[in-house]
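Could you build the full structure based on these sequences and the hints that come with them?
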Amino acid sequence: MDFNHNLFALMPVLPLLGWLVLIVWGKNMKEPTPGILASSLVFLSFVLAVVGFVQVSPMKEPLLNTLRWDFLPMWVSDAKGVLVSKPLQFGFALDHLSSIMTLIITGIGFLIHVFAIGYMHGDKGFSRFFAYLNFFIAMMLILVLADSYPVLFIGWEGVGVASYLLIGFWYTDVKNSDAARKAFIVNRIGDAFLMLGMFLLFMTFHTLNIHEINSSFGSVVIPNVTTISTGIAFGSPPLELAALFLLLGAAGKSAQLPLSTWLPDAMAGPTPVSALIHAATMVTAGVYLVARSHGIFANAPGASSWVMWIGALTAVYGALSAIAQTDIKKILAYSTVSQLGYMFIAVGSGAYWVGIFHVATHAFFKALLFLSSGSVIHAVGGEQDVRQMGGLREKLPTTHIVSLIGTLAIAGIIPLAGFFSKDAILSSVFTSPFGGDFSGYAIWAIGLIVAFLTAGYMWRWYSLVFLGTYRGHAHPHESSSVMTVPLWILAALSVVGGFIGLPHFLGKNVNWLEGFLEEAAPNALGFHEIPLWGELILIALALAAAVGGILFSRWIIARDGVNSAGWIATRFGNASRKALFVDQTYDIAVSAPAKFISEQLELADTHGLDRGIGALANGTAEAGASLSVWQSGFVRAYAIAVLLGTAILVGYLALRSFA
Amino acid sequence: MNFVAPDVNYYSMLPFITVLLTAVFATILPFYVSRKAIAGLSAVGLLVALAASIGLWNTNLSSFYGAYRSDNFALGFGIVLIVGALIAVISSVDVAKRGGTMQAEFFAILLYAVSGTMLLASAHDLIVLLIGFEVMSLGVYVLSSFQETAKSEEAGMKYFLLGGFASAILIFGIALVFGATGKFGLEAINTAVLSPEFKNSSIAAVGALFILIGFGFKVAMAPFHQWTPDVYTGAPTVVTQFMSVAVKAAAFAGFLHIFGLALQNVSGWQTPLQFLIALTLMIGNLAALRQSNLKRMLAYSSVAHAGYVGLAVLASPSQGFSSALYYLGIYTLMNAGAFAVLNVLSKDDDGLEIESLAGLGSSKPLLAATLTFFLLSLAGIPPLGGFIGKYLIFSAAASSGYYGLVILAALTSAVSLAYYLRPIGLMYFRPRVTVLPDFSGRSTRVLLVVCAAGVLILGLVPNAVYGLLELVKK
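Chains W and G supply the protein sequences, listed in that same order.
In terms of this note's numbering, the first sequence is residues 1 to 659.
In terms of this note's numbering, the second sequence is residues 660 to 1133.
I should point out that these hints are in silico values taken from the structure, not numbers from a laboratory.
Watch out, some of these pointers could steer you wrong.
Going by beta-carbon spacing under 7 Å, a handful of chain G positions derived as facing chain W [claimed, not checked]:
id	residue
1	F824
2	P882
3	Q885
4	W886
5	G927
6	L1067
Beyond 10 Å from chain W on every Cβ pair, some chain G residues (computed) [as the list claims (entries may be wrong)]:
id	residue
7	S721
8	V794
9	G1126
Derived coverage of chain W by chain G (criterion: at least 3 residues anywhere in the stretch with Cβ under 8 Å from a Cβ of chain G; other residues may be distant) [to be verified]:
id	region
10	575-581
11	642-656
Note that the structure is a prediction, hence the values are computed from the model and not measured.
For each residue, glycine too, the CB sits at the ideal point set by N, CA and C.
The following block contains the structure:
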């Protein structure tokens, strides 16, 4: 056995083991043993992720584990149309892209595990919680390490299950289990499209191995001229359609329009879950899927511009919905929707490293913000309404400082992490080869507006929670160090995280991340060049939007006060609070008709089908006792049935030979 | 005229002979040793036969001028059949506590039936095949009426009368095929059909149809399935367990051989078979929905599964043979496993009401967990073996172009979820109402765990075994 090649494949195995142990023996363990066990296993995975990172850094090709087995028997037609057995392998691949993802998942995952030891203190389901968290980490690692789409899909479904279990973790409240079901069902819609995409890819490429598909595109693609080695033309219908199916799958998992409504409801889960699954890792799986399938998307310009537009619309939708929310976590949830939109803009523009860059920085500051709000909720005794907070600056000094860092980072204030990644997104969409000039500039403008709104609602979040005087009735106290240490680490990452992707004008090789991902997720070809002064203007505008947003927000709060009787009461404020009525629209357009149809079907079922089956089955239920001719229990009746069947078949044959 | 010694290669028939000899010993020895010793002897004999089958793998020996062949197809089926019989023998041990079925003759007759099934799977000649078919059937008729209850005797009688009727049709079909081609050997028939001088295609087609009906009866395909619920419910549970797996698997071996080798180029049977499969899938699954008795529900479920395997007969032999074999191997583990649980939980051979399973999850965790496993696998939930089995058969049929039937099969197997999941829901989410007996001893518990592990492994690493089977195709 080749040790070096299989070490990284242990990454998902360790947390899976933790899950198994905790689900079987967890009940007998005393707090905090399950938490420590789960955290240390994730830490070991993190160590493996670091080792893998070091291993894979100098390599050009992905590292494949040698311990793999033929998983699904499959057949493909070869050139002569003969079916050839080509089983699908269950295998993992570690390349630069998945290496970055494993570092984020296990690193942030570990910090959140540790935080949760403090946060979940005293909960009845303490060991169950860590079992689920470990299960999630294992599935997420399978997702990013998969070297074929079906294996990716196993992880994809696995994280969906983990998310379902954790959103409904406090399942005794019907609201929580409803939210869990909603998340699961909306995700299933996306999953169905992901499966369709896989079918189409298999038909087109005769393989589902991701690296084979990506490398089947010639290394040089000149738009609109070249056909690639598989004979599938740039932007050809099967490619575009497959990419669109993948996009819809990604939209489900990453809460993009039109499948975005589940994420805000998912905040029903415990806060560490929101931080880990619904901000830092799982919801970025859609972005990862697009970057992972870069070969397909780079050669599907139509689908790529759809990715950009969906991202842009979602970004503005999330930002508009966030500004009038009153729940401390809901604000962050809509902000996540909006930031995921940014990531989609990036990968849609063809700059895949930029999408992953924002995945990383967003994981830092959004996990930080969620954990901070967890710390706040913990401190004020479970209160989540920001109008009942305020003045926590003195009472929770640590949480306050790290929250301020997180707020400034997401707002895009130089030199914090969010500034660099947001700037990279805006400049890549400005110069994108996809969607024509108009789309590029329009989406850039939308991105700028979203940057303004982001700074605004995040400043509102910060000032309602921490500034002014305390408006609630609890006795806030700072959390224990098991919770504050992870906060400090995340805050530090939010400060320095941006330096892995410095802008181009600072020099050709200062951007470490782009160079690192050059092989695994190369940029699409055909980005426009813009002069230095143009780049500087873009940066200045982005910065101005961020600062402007904060100043505007300050002004509004100073004018209207905390309860904001002024503008929140307006029609605009109402629309924002109701998340632009998307849920209501679905109720009217989908749920109500579906309800009507299912009621009718139920009628038909009970009166028609059930009776039919009932008659059929009741006849067979108690043999001999029933008078039914069909299953009477009499040998002669059965013999006649055999004879009749024979007669019908022979009659068919006779008729066929005459006809 | 010189005397020519017949071509007999005993080595190639080692598994078959082992089983037959064990059966002979099991017939004589009960006068001298205890019933339990006979059970042990049967198990040992079957294990030796199993080892012999594995030892013969890839040797491709044959005997009687090719009428009996130990190719990988026959050996693979032989292994499945022996495993099915072993499960029945082991299950029968614990049930002895509640009386019935356990006279020592049970093992002798069971082993004779097993030797018939193995002959059926190895035959490459219609006459040998028929002998295997009848040896198997006679044994099973007796086993069905083994219980001294009116129900069991009625079951045996019913099965015997209808089985005789079906055999008559089958033999008529064989006669017609012989009349049309002048051959009994499976390959020879195909060669005759393909030859340009072949004139009797309509006679061959009628013969094929009659053979189809004979086998359709044995594997329980609608509309020739009606004996199944009655006989499966009336027969002792151990016998039902054996019938539902080994007899079905052996009948399918013959079915595949005849239609995949001998009659593959005869037209006229494909459309009727499609019709039978469609009807079987619908009737089996819909009727199972409304059963209140677990034993009867499993009987209908086995009708439905005959429909799934039937798809493999339609598919081209290169994929159909191996996928059917893989499916039947998994089916043997999961279906016999489910029957084994049913067996130890029921107070007599009438089976038990599904409602009475309520609360089993907490009172009998191992039995409930393994039953859950088997039912989920029967329903075809990944990553269990039943899913892979269905996947293989469906993809074999789809690549032969039977999309409509595959869609119907997928839809009906979605329907089947309803009746497979209901017992699971009752076991885990309802409080206990009835106290069920529990006859399970160590042997049954080990058996259940092994079967469950097999179902899981065959689902997780399918190609480990399926890769071997791909050599099976002709």
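- Was the hint right that W886 of chain G lines chain W, CB cutoff 7 Å? Since chain W brings a Cβ to about 6 Å from W886 of chain G, closer than 7 Å, the hint holds.
- Message: Cut-off 8 Å, C-beta pairs, minimum 3 residues; does the coverage of the region 575-581 of chain W by chain G stand?
- Response: This one is violated; 0 residues, fewer than the three required, reach chain G with a Cβ under 8 Å.
- Query: For the region 642-656 of chain W, do three or more residues have a beta carbon lying closer than 8 Å to a beta carbon of chain G?
  - Reply: holds (count 9)
- Item | Given as non-interface: S721 of chain G, which should sit over 10 Å from chain W by C-beta | 26 Å, holds
- Does G927 of chain G pass the interface check with chain W, least Cβ-Cβ distance below 7 Å? 5 Å, holds
- Distance rule for G1126 of chain G, whose beta carbon must clear each one in chain W by more than 10 Å: 6 Å, violated
- Item | Minimum beta-carbon distance criterion (7 Å), P882 of chain G to chain W | 4 Å, holds
- Task: Tell me if Q885 of chain G is really an interface residue toward chain W, meaning its C-beta lies closer than 7 Å to one of theirs.
- Result: Constraint on Q885 of chain G satisfied, holds at 5 Å.
- Hint status (Cβ of F824 of chain G to nearest Cβ of chain W, threshold 7 Å): For F824 of chain G, the interface hint holds, since the closest Cβ of chain W sits about 6 Å away, which is under 7 Å.
- Query: Is the shortest C-beta separation between L1067 of chain G and chain W less than 7 Å?
  - Reply: Violated, because the Cβ-Cβ distance from L1067 of chain G to chain W comes to roughly 17 Å (cut-off 7 Å).
- Message: Is the claim that V794 of chain G lies outside the interface with chain W correct, judged by CB distances over 10 Å?
- Response: 22 Å, holds
In summary, the structure is inconsistent with hints 6, 9 and 10 from the numbered list given earlier, while agreeing with the others.
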